[in-house]
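A.B. asks: Sequence:
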Amino acid sequence: MAMQRATSVLVVLLVSIATAHTQKPPQPVQVSAQLTKPDADGRQLLTVKITVEKGWHIYANPAGATGPIPTTIKVEAATPLRDVQVEYPPGKALSQAGETFRVYEDTVVIPVRIQRAVANGQPDTSPLTVTIRYQACNDQICLPPRRVQLTAEP
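For the record, in the sequence shown the residue sitting at position 96 is 80 according to this note's numbering, with numbers rising by one throughout.
Please note that a few of the clues may not be correct.
What the hints assert, rightly or not - Lysine-lysine pairs mimicking DSSO-like chemistry, simulated, CA-CA at most 27 Å apart: (1) Lys21 <-> Lys33; (2) Lys21 <-> Lys58; (3) Lys33 <-> Lys8; (4) Lys58 <-> Lys76; (5) Lys58 <-> Lys33; (6) Lys38 <-> Lys76; (7) Lys38 <-> Lys8; (8) Lys58 <-> Lys38; (9) Lys76 <-> Lys33.
Don't read these hints as lab results, they were simulated from the structure.
Produce the complete structure using the sequences and hints provided.
C.D. replies: Here it is, written out as structure tokens:
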């Protein structure tokens, strides 16, 4: 009887440990992207929308003089892009450990102005690969930096 009880306790303990190790870390950030059709000159607007759960923040770009990993957006296409201008909003000031950093909270919209190549009077319309890198933190922890890759089409 004592052996059965000890075995049962051991099984419950092992299942608990396995469950704890397989739990995914929280993902308090959602990212989406919308792309307009290119105009005749190949200009497009990509809008990246980042939604951060209440109680969390991600670092702005620029984030501050030292330390935090800023939010970055990288845009690529099958054919080279002529120009990419990411217009990062300034973010909100946050004081931590005697330093002031800039952060994004709630919802932030980041416009990206793109200039596509135009051949034979037609702008390139191939899909874009958009990579967003950020680090989410709350008052207690910072999650490892994360990269999210999206495909954007008009």
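A.B. asks: Indicate, hint by hint, whether the structure satisfies it.
C.D. replies: Here is what the structure says about each hint:
Between the alpha carbons of Lys21 and Lys33 the distance comes to roughly 18 Å, so the proposed pair stays at or under 27 Å and holds. Annotation: proposed proximity of Lys21 to Lys58 holds, straight-line Cα distance about 19 Å (limit 27 Å). In summary, the hint linking Lys33 to Lys8 is supported, as the alpha carbons are separated by about 23 Å, within the 27 Å threshold. Straight-line distance between C-alpha atoms of Lys58 and Lys76 comes to about 22 Å, which keeps the hinted pair within the 27 Å bound.
Proposed proximity of Lys58 and Lys33 is supported: the alpha carbons are some 14 Å apart, at most 27 Å. With a C-alpha separation of about 14 Å, the suggested pairing of Lys38 with Lys76 holds against the 27 Å cut-off. A hinted pair counts as satisfied when its Cα atoms are at most 27 Å apart, and Lys38 with Lys8 qualifies at roughly 19 Å. Our distance criterion of 27 Å between C-alpha atoms is met by Lys58 and Lys38, whose separation comes to about 26 Å.
Straight-line distance between C-alpha atoms of Lys76 and Lys33 comes to about 17 Å, which keeps the hinted pair within the 27 Å bound.
Violated hints: none; the structure is consistent with every hint.
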